Amino acid sequence: MNDIKRRDPRSEWILRNRLHPEHSTYALTHATGIMSEWIGPTGVKRKNPHLVGFIGPSGLRRIDRSGLQSSQQTSVKVQVDIDSRRFIQINAPSDYIVVVPELPGGRFSAQDKDLFGLAQQLASKHSETTAVLGVILSPLKDTALGEIGMDRVYFADASEFSDYDPEAHLQQLTAIEREFNPLYWLFPEQTSISADLGRRLSVKLKVRATSNVWQLDLDTLIATCRASGGTSDLYRPVSRVILALAECAEPVSDTRHEAKPIDQAINAVDVIKRIRNLGAVSVDPAKVALSEAEFILSGGKGIANWDAFHELARRLGATEGASRVAVDDGHMPRDRQVGATGTWVTARVYLAIGISGAIQHLQGIQACDKVIAINTDPGCDMIKRADLAVIVDSSELIQSMLDQLQQRQEEVQNVA
Amino acid sequence: MSRNLARLHSSDEVSVTVLVSIGKHPVTGRLRRADQDARALEMALGLSDSEPRVIYAGPLNDSTEPALRGYLGMGVSELKVLRQSEQNDIVPALSGFLDNSPSSLILCGSRAELGESSGLVPYQLADALGYTLVSNVAVIEEVTATLAVVLQALPRGQRRRIEVVLPAILAVDTASPVARQVAYAKASRGFINCVVTDAAEDDATEQWHYQPARKRPKRLKIIKATSARDRFKAAAAKAEGTGGQVLTSVSAEEGAVAILKVLKEEGVLKT
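These protein sequence lines are chains A and B, in that order.
Following full-length UniProt numbering, the numbering of the first sequence begins with 1 at its first residue and continues without gaps.
Following full-length UniProt numbering, the numbering of the second sequence begins with 1 at its first residue and continues without gaps.
Certain hints may be false.
Some chain A residues judged to face chain B by a derived CB distance under 7 Å, without partners named [unchecked claim]:
1. Arg62
2. Arg199
3. Leu205
4. Val207
5. Arg208
6. Ser232
7. Leu234
8. Leu278
9. Asp284
10. Val349
11. Ala367
12. Ser400
13. Gln404
Hints were generated in silico from the structure; no laboratory data involved.
Nothing here was measured: the structure is a model prediction, and the numbers come from that model.
Don't be surprised by glycine CBs; every beta carbon is placed ideally from N, CA and C.
Take these sequences, add in the hints, and give me the full structure.
Encoded structure:
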């Protein structure tokens, strides 16, 4: 073979043309240099075993299937996987299904995601051009809107109203009703803002809301609702306003959606406000039940100075929790124990100091969103679970946090 | 009683009405006073020395009367009954009655324990009467002739203070103080007065049917694995790193700054 490099215009053209059916195969080959795997004509992934693996010490070719192969190859593969989710784009929606998520803490809850799943199921049952419209009434931290299942999204101008302003929110929703005349309105049930709004809207629209829905038959449109205070099931035809419980449907997982913001102005009518929000009331965090506390500061064996720990909890405004060891040693009462043998917590933020993370403890914090761990052992299970881990001595860190909180407080006082 | 959290200003004439319903014990199924309605009555009894007006709309017969007497046993001498059959919609009757004899503060439970228990009645009443509505009320702090200040129960044990213009309907949450016990003598001594009102048939319920609650199926963990290796990994899953940030070899100060920054971003740090 001669060693003159020859151009392959066809493969270059396929590499440029991302819509070509063989593009992903050529991109893989191009990235790795060799064509070890490609998607066959029927969509099945084919592999050339002669091109993968390495020559082992005995002179035989070995293929490592544990996924620990070169990082370059895996990164290309991940890209191909993401593209396998179907992308759905609706250019001119004929109908709308509106979802008003609760957004606790500015993020989509699991129930919100279930609701978008239900909305997408209803939309695909109705017609191909039915779009799911998400109405965001409060500031949002999440960014992956399309993956949750929104075809369109409407951001209300949150600067105009406070976090609880049902009269102004209701005006926004009635303006949307006028503009889009949606097929269905979906609200998460048993939430503090959205469920209230849903009931207000249903009364305003003179529609009898279908409340406490936990199952919906898409063929007959018969909803199963928890009635009689949870002791019976009510089967009824679904109405336009649906208040659905958690796990009413599977969340969207195998499609991606456009999440295009609605740019047309929606003019809500001003209303004379008769409800005034005077803001959150500070609740003694020590009195909040551990299972429903929002922010937990939890201590374990690694804490040397418990007085500083209690002081930190007080300054942070966190509910105190403890690991089993700390309770057994008598540093904390039994009702503060977190874990499978204690309390299963649902905190949004869980700050664990000096806890190595026994499996029972990790089970107990399964539902926590954000876990921050402080430990001296970088190999412990808690560090693996944590979203942010700091490998440092706990007593120094507690002292440092106390100092910085003190400093902040003084700054605030000086400004004031 | 010591739990009288708010008192009416003595000069103000704020009339308080409590709407009650029949409850059902979740385990035994026995009819009783509804938990949230009893809490609402408890709140009203704490507001002033004058007695609140207590109204019930619904069927009155031998099985419901002992349950209704539970409210009388809390210390009210009279219970007004707007007699309706079980198929009737109680909202027109209630709104008609309250329109004729208005009250500036109406308290009721959030959800009924029998029937649809949709929690819509306070909303429909507020719409029909033109009252302001606040849901999930935990505490009434202050009531004047034109305003009420209440605490609203939020998830996770939090509270929010709300000022509401009267007349208003307050739907009481389970987070409010527990109702007092029923005194049997007072319960048997109290009067149940029937008031004649119109009855409106509830047409929507014709296609409905009830069944004892089915246990909700547990959600299965769906594994969308394309290869055998992924399926094996999912089946033999162990607590694995979720790709969190690990700060090694940092000083305590730097660590504290990073943690406080995350807490601030999450909005749990108030200062």
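task: Find the hints from earlier in the document that the structure breaks and name them by number, from lowest to highest.
output: 1, 3, 4, 9, 11
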